[in-house]
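These protein sequence lines are chains L and W, in that order.
Using the working numbering, the letters of the first sequence map in sequence onto residues 31 to 134.
Using the working numbering, the letters of the second sequence map in sequence onto residues -7 to 625.
Simulated from the structure, these hints should not be mistaken for laboratory data.
The reader is advised that the hints may include incorrect statements.
Claimed, not checked - With a straight-line cut-off of 30 Å between C-alpha atoms, the simulated DSSO-like cross-links for lysine-lysine are: (1) L:K96 / W:K425; (2) W:K24 / W:K87; (3) W:K193 / W:K565; (4) W:K402 / W:K597; (5) L:K107 / W:K193; (6) W:K233 / W:K324; (7) L:K107 / W:K233; (8) L:K123 / W:K87; (9) W:K415 / L:K107; (10) W:K425 / L:K134.
Claimed, not checked - According to the in silico footprint, chain L covers these stretches of chain W (three or more CB under 8 Å from chain L): (11) 55 to 64; (12) 323 to 331; (13) 602 to 608.
Even glycine gets a Cβ: it sits at the ideal position worked out from N, Cα and C.
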Amino acid sequence: MLSACRKVELPIPVVPTNTNIFNSKQTEVTDGQIITFDLKVNGVYTLTIGDSVTNQVVTRERFTGKIGENKLILYTKSLPVTYLYLLLEDGNKTQIGKTTIIIK
Amino acid sequence: MKKLLVTFLLIILSFVTYSQSGVGYVNYTSYKTHNGTAALNQYGQFPYTAAEFDNMLNTANSNTTITHTGEVPLATMCNGSTQTPHWGGDLYAIKFEFWFIPTQTGSYSFGINSDDASDLSVDGTMITTFYGGHSSYAYQYGSTNMVAGTRYKIIARYQEYGGGDALYVRWSRPSAPSSYSYWNEEVTNINSTPTKKAVAKFNLNTNLTPTTFAVGSALSSAGSVDITTSLDSTKISSGTKGTIVGGEVEWSYVDLGATSTLHIDMRKFGNTTPSSVSQIKLLDVYDGSVTYINNDGTWANYSIPSSLPKVTDGTSTNNQYIRNGNGYYAFKCEVTFASVMAYKTQSITTTTTNNLTTLYNSIVTVSDVYLAFKELANGGIFGNQSGNEFTYGIQYKNADINDDGYFNEKDCFALLQNLTGVKTLVDTFNLNKTMRIIPQTKYDSIGKSNWTTFTTPLGSGYSFDINTGKASDTINLAMTWKGDVNISHSTTPKSNGITTMSIKTMNVISTDINASIMTEVIADSIYAYITLDPLVQNVVGTQFQLNYDNSLLKFKGIQFTTKGSPTNYATDKGAYINLGSLISDGSTSLDKTTTYKISFSSNTKLNNILGLISIGSTDAVNKDGKTLKIKIN
């Protein structure tokens, strides 16, 4: 009974890793894929995903980045379109990197 | 000259013999049997089985030869058959073939009576037989179930060895099993199914993707689909047409008026039922529909929707047959009747690959709800549907959510409940409950003051008529949706000058407003923030579809920061949250402090949430009822 009531932990998918995603002009991605990028200073950053066709922003995440290599998981199931751009900005909205991602 | 005349007569004769007259006619093949000499070396005097009859009519037997072929009126066959061309007075046989198209569904009983042997089959199945040598002393019956409008092949045959000769055929219909006769309209000697071509052309709104809809096959990108294979091109009886031509006796007269009354002598009807007559050709003065009134035993009376001006104005080329009887006009004439065959009413069914629940989140949005409220508010205290916010009559139809023929506060409330997630517009989102298919011409004529008089049922099916006299028809159709008040996903009616139509321009997206989204993880909580910047617009309604990955996130709640007293709403639809605000009376507007803070939880420890939450479709409306485009920055 106890076992039946235990909260089930959903596993994080096993995902492929990537080199600095902003070094590529375009990357095909899958749900749960880890994206990698480098930062030069610690601080608050945003990653924005937008529709490459309409230029509409579809989502944006605020996170705390650290110097050096950073890894974040990219989830794609809820994104409304498949041809997107990924934009990295610092707290002053200064662009650090931008690339195209295509959801497979 | 004589030779030419003979040739001419032969040509006419050949037409008389071989022309295909269709309804009310049967084909025949006449045989000389028994070598014409009563020879019995290949078969007996009379057949006693179908196989023996087959053998008797088999021209592989040297004693059997075909002597005549052609067609005769059905009455000839049914009333003795001997008027059918045949060899001699004895030692012959006749096979009649025709196609039977019942006007009723159910059991048909066929009777044959003959001298000598006879039988009758339907689609190869023997229904009744009267084999052997005998006089025509009694009908023999057999019955079979038939479906109205279906084409059946019937063969009736008889043979005569010696003495008297005859074949009689009759049948009864399912509605009156004991009433035997023969009806021309159920018989034809033409073995061809009329064919028609048709294309369904949906004039879809550009917000719909034509290829996601189908009628059998998917629509083209232009909204067309060939529906020829969906047509049932069998013609069925559609009443009787009477033809009145000049003659010697005044069998008919008319009382003139705005609607005239035509009288036809009952003695001219024969087997035709007066009430079945639905069309009349009267000399050269009228050719069209009539309505049966009654018969008084002497005259059958019909109403003609015309004053028949050619009867009196002298322009008829048949004036010699028309007599002014002071108060009536009589016609020296002959009257004949023929069955009118017409294509059945056709129907098509539309399907879609769209998820209608999702699609409806775009069809009925905050703009529709606000526009409905605005129309209602401006409609006057008598609710006389003149709020001047709706441009077309179909908008009232679509806004009449409860389909009671009135657009009122109940409908607005239903729209609001749908928007806020309290109660959906329909219990199940399928085409039968949400979509209307309307002929384009009818759609264009639905006005603001007459919309209640139009019957435009919901449903994926559509019935139409192909009796257009054309080989190919294009069925122009409009598609509209329950609740689509601003007709954002409905066919745009054409401006046709009808006074009940407003010439007001439809909603025009003129100015963008801004919004932005931010998501973040704070401890074990996940947040999404949507903020609004109306710029210069008086925004009274917003709607956002906030997608979320429900395999990892669970919607917890929403915190609204809005000025004024809007109706704020958020409904968890499973994979997205439908959220926004509506100031239905337009008394205030949303400003740039407007923020929606949406909270989620997760069973999994998430370090980041990039892509787990996103904005899908959006909608906004300003105080004037104009739909606004939201630019997400």
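Each hint, compared with the structure:
1. Among the hinted pairs, L:K96 with W:K425 is inconsistent with the structure: their alpha-carbon atoms are about 55 Å apart, more than 30 Å.
2. With a C-alpha separation of about 12 Å, the suggested pairing of W:K24 with W:K87 holds against the 30 Å cut-off.
3. Of the pairs offered as hints, the one joining W:K193 and W:K565 is violated, with about 34 Å between alpha carbons and a cut-off of 30 Å exceeded.
4. In summary, the hint linking W:K402 to W:K597 is not supported, as the alpha carbons are separated by about 47 Å, beyond the 30 Å threshold.
5. Between L:K107 and W:K193, the direct Cα distance comes to roughly 36 Å. Violation of the 30 Å bound is thereby established for this hinted pair.
6. A threshold of 30 Å between alpha carbons decides the hint, and for W:K233 with W:K324 the separation of about 19 Å falls inside it, so the pair holds.
7. With a C-alpha separation of about 66 Å, the suggested pairing of L:K107 with W:K233 is violated against the 30 Å cut-off.
8. Pair hint L:K123 plus W:K87 does not hold up; C-alpha atoms about 95 Å apart against a cutoff of 30 Å.
9. Of the supplied pair hints, the one linking W:K415 and L:K107 holds, its CA atoms being roughly 28 Å apart against a limit of 30 Å.
10. The suggested pairing of W:K425 with L:K134 is violated, with an alpha-carbon distance near 36 Å, which exceeds 30 Å.
11. With 0 residues having a Cβ less than 8 Å from any Cβ of chain L, the segment 55 to 64 of chain W misses the three-residue criterion, and the hint is violated.
12. As drawn, the segment 323 to 331 of chain W meets chain L at 0 residues by the rule of a beta-carbon pair under 8 Å; below three, the given contact is violated.
13. Counting residues of the segment 602 to 608 of chain W whose C-beta lies closer than 8 Å to any C-beta of chain L gives 7; at least three are required, and the coverage claim holds.
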